[in-house]
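S.K.: The listed protein sequences correspond, in order, to chains A and B. Quick note on numbering: our numbering labels position 142 of the first sequence as 275, and the sequence is numbered without any gaps. Quick note on numbering: our numbering labels position 38 of the second sequence as 73, and the sequence is numbered without any gaps.
No wet-lab data here; the hints were simulated from the structure. From the three backbone atoms N, C-alpha and C, an ideal C-beta is built for every residue, glycine too. Treat each hint with caution, since some may be false.
[Stated by the list, open to error] What the simulated footprint calls covered on chain B by chain A, stretch by stretch (three residues with Cβ under 8 angstroms from a Cβ of chain A suffice, anywhere in the stretch; the number is not a length):
1. 396-409
2. 415-421
3. 427-436
[Claimed, not checked] Footprint (simulated), chain B over chain A, 3 or more residues, beta carbon under 8 angstroms:
4. 186-194
5. 225-231
6. 241-252
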Amino acid sequence: MELQLEVNNLYLYYKTYKGIVEAVDGVSFYVPKGMAVGVVGESGCGKSSTANAILRVLPKNTYKYEGIVKLDGINLMDLDDDTFNREVRWRKISMVFQGAMNSLNPVLKVGFQVAEPLIIHQGMSKEEAYSKAAEMFELVGLPTQFLDRYPHELSGGMRQRVVIAMAMVMNPKLLILDEPTSALDVSIQAQIMNLLKDLKEKYKMSMIFITHDIALASDISDYMAVMYAGHIVEFGPSEEVLLNPQHPYSQKLLASIPRLREDKEPEFLPGTPPGLINPPRYCRFANRCHKVFDRCWNEEPQYYKIGKEHYVKCFLHES
Amino acid sequence: MAFERSAWSIFIESLVGKAGLILLLFMVVMSGYVLLAYPMDYGVRVWNNDKKWTDLPRAVPPEWWDIFDPRDLVTHRIFIDTKYDYTTEIFGMDAIVYEIEYEHTEDGFPTGLTVKYANLTVYSQFGAYVFINITRPDGTEINLFFKQEPVPVGEDISFPYTLYPEQDALIQVNTEDTTIFQLKSFLFSQYGISLNKSVIEAIGGIRVIFGTPIENENQTDFEVLKGLYKIKVMFASQDLIDVERVKVIIGGEVYGILGTDTRRRDLFQGLLFGFPIALSIGVFTSVLTTAIGSTLGIVSGYKGGKVDEIIQRVTDIVYNFPFLPLLIFIVFIISRIPDFPRLIAIIGAIVALGWSGLTIIIRSMVLSLRESMFVESAKAIGASDTRIMFKHIFPNLAPFIFAQMIFFTPGAILAEAALSFLGLGDPNLPSWGKIIEESFRGSSLQLGMWWWFLPPGLLIMLAAITFVFIALALEPIVNPKLKSR
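Given only the sequences and the hints, what does the whole structure look like? Please build it.
M.R.: What follows is the structure, encoded as structure tokens:
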């Protein structure tokens, strides 16, 4: 199996006046070619930070940024910012930001915003870039006369399509989707999901699909990564993770989903996740875990391989 | 697009918007006219050149002031003749005659009768003679004046020769000795009144020319004679003679649309020239100020860190300077540099002291904008900082910056007027502030010469109000947009 992206021990810490925020703490996973990996987890667990770390969109207060991010076998972390900007960003990896409503500049025409990466990265003339943008509009199912509109003249779903067009405009190999449907109503969500599935099929596009909605993630993902407090606690093929979750957190998370046809009360997780400033040096889930034992309070677990491609970060699976 | 249309309609539907736009249009049209019709070096070549203004009366109110003045004021009249009307013969010489008809209707006497002529070309070696006659409404004719033009001497004189090529010959007819003598004999032969020369001079030659004598307590006085006067200026010579231009000036007590100052200058022209000056100062200063202020604000707010710190501290310092004293100081220092254009010094000084307020406001707006998703997304697609600042952040601030620019304009116009009033204005340009300064130095207020200081003052006000109106009309467009963001 060919890997499109391989992330190994990725760290991204932020420095704030309260202390160091360990947002991404030794994250490892991979994206096979043409497959989609769903990253699920609750708010503030570091999903978006992981995406930002892969695309190297770092805030000024970045404290620690290291690890290995291999795209087609080349470690992107070895590239300097300029090279990364020129050769990887948007050309190979692009991203749909959280809250498409706000990620479009309200005073610029959407056509220009879609065409802008081409102008920046390929030095295309405005006309060429616009015609390419028009192609992208057709691809995502928007009429081309919308090129000349401002974001506020479009509905939420249309804006989301614009943002996807913007991400697709340079035919990247990997598309990171950060909560692409979070602000949309369910029917529009379904449309967008269908569009994304089409793109995935048509262009054999690899995707990282970040969401807190497990149902949605399962719709498109071939692999699933469950994140908790800056760690990926479980990673594996979707069926395995969803049908046979091994990490206590994954189990609880899946159990919390209400089911329509089963006579089963949704469960809940007591307590709150640990703050990411000075998080515990032992298992970060220990304080909420229903299977916690002594060792959990003393050291941090490693990844344990429990299936062909199934990894869990829990002492229960040591052996 | 929809936004632009509605903003425009909000603007144009408001009363202040309409008024401001009409006033601005008026100012632009005036400036355009001046720039097309006046030479660029008007200030040096015309306005401050006293030779250009000798035809005009000194310090007189405008013509329409006659309506409000209880006296019947005489209008200043200038007649220009470039082609002689007929030829005649005087003492056996051929003469060309320039005849001017002047209808005197006012109760007062003119203040003077002046004849000027230029480029008198004489072909005869015996020289030329100038005669000035006046035929009065009562049919009497007075030979007011005659003189022989000087014949150049020397061996290298060639004929024909031209007299007065650069400066017009000027005959102040009513005070010439010849005229007084002629008037004396006219009075005796016509009315049997015998007055000696000094008495006529005391009465004033002009009253004799344009009046009829009345006996008044043993003293001869004159009453104005209304009607059509024909003034003939004749040039006689043995041979051909040619004159380029003859001017007959009937001195009056009112002149033009806005009167004249003590240097005989037509204030209307000066005030007209003030339009492009005021507009250019307003526009250049506000554009430069907002450009610098908003650029620094955007950079400061977006870059943060040391850059922000440096820009903000400098801004704090500049912001706390006392504006006017320092402005006077800077312009005064720069005015010591010879040949440095004062207008540029003034614009530069206002800009240098005026940008700081905007920087502070823009920075605070950028601080919130830079955290927005679209800036992060622009960073992610690999846009450079410069591109983000000016392609992504600037358009969000543009309506506000534009409104600020217009808000700043009246301040710049007033600052220039203030500097000019203090004598720091451009000495070569008749700006409105400069005209007020001259009127102040000419004691116009004490002398009641309202036409000298009032119109420029009103025009400065008008210019300021124009931009205030526009800014007021823009406010409802710009402000809710800012609030909604």
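S.K.: Has the region 241-252 of chain A got at least three residues whose CB is nearer than 8 angstroms to a CB belonging to chain B?
M.R.: Holds: 3 residues of the region 241-252 of chain A have a Cβ under 8 angstroms from chain B.
S.K.: Count the residues of the region 396-409 of chain B with a beta-carbon closer than 8 angstroms to any beta-carbon of chain A: does the count reach three?
M.R.: Three-residue rule met by the region 396-409 of chain B, so holds; n is 3.
S.K.: Cut-off 8 angstroms, C-beta pairs, minimum 3 residues; does the coverage of the region 225-231 of chain A by chain B stand?
M.R.: holds (count 4)
S.K.: Examine the region 427-436 of chain B for residues whose CB is less than 8 angstroms from any CB of chain A, and state whether their number is three or more.
M.R.: With 4 residues in contact (Cβ-Cβ under 8 angstroms with chain A), the coverage given for the region 427-436 of chain B holds.
S.K.: With a cut-off of 8 angstroms between beta carbons, are at least three residues of the region 186-194 of chain A near chain B?
M.R.: holds (count 3)
S.K.: Three residues minimum, CB to CB under 8 angstroms: does the region 415-421 of chain B make the cut for coverage by chain A? Let me know.
M.R.: Since 5 is at least three, the answer is holds.
Hint compliance for this structure: no hint is broken.
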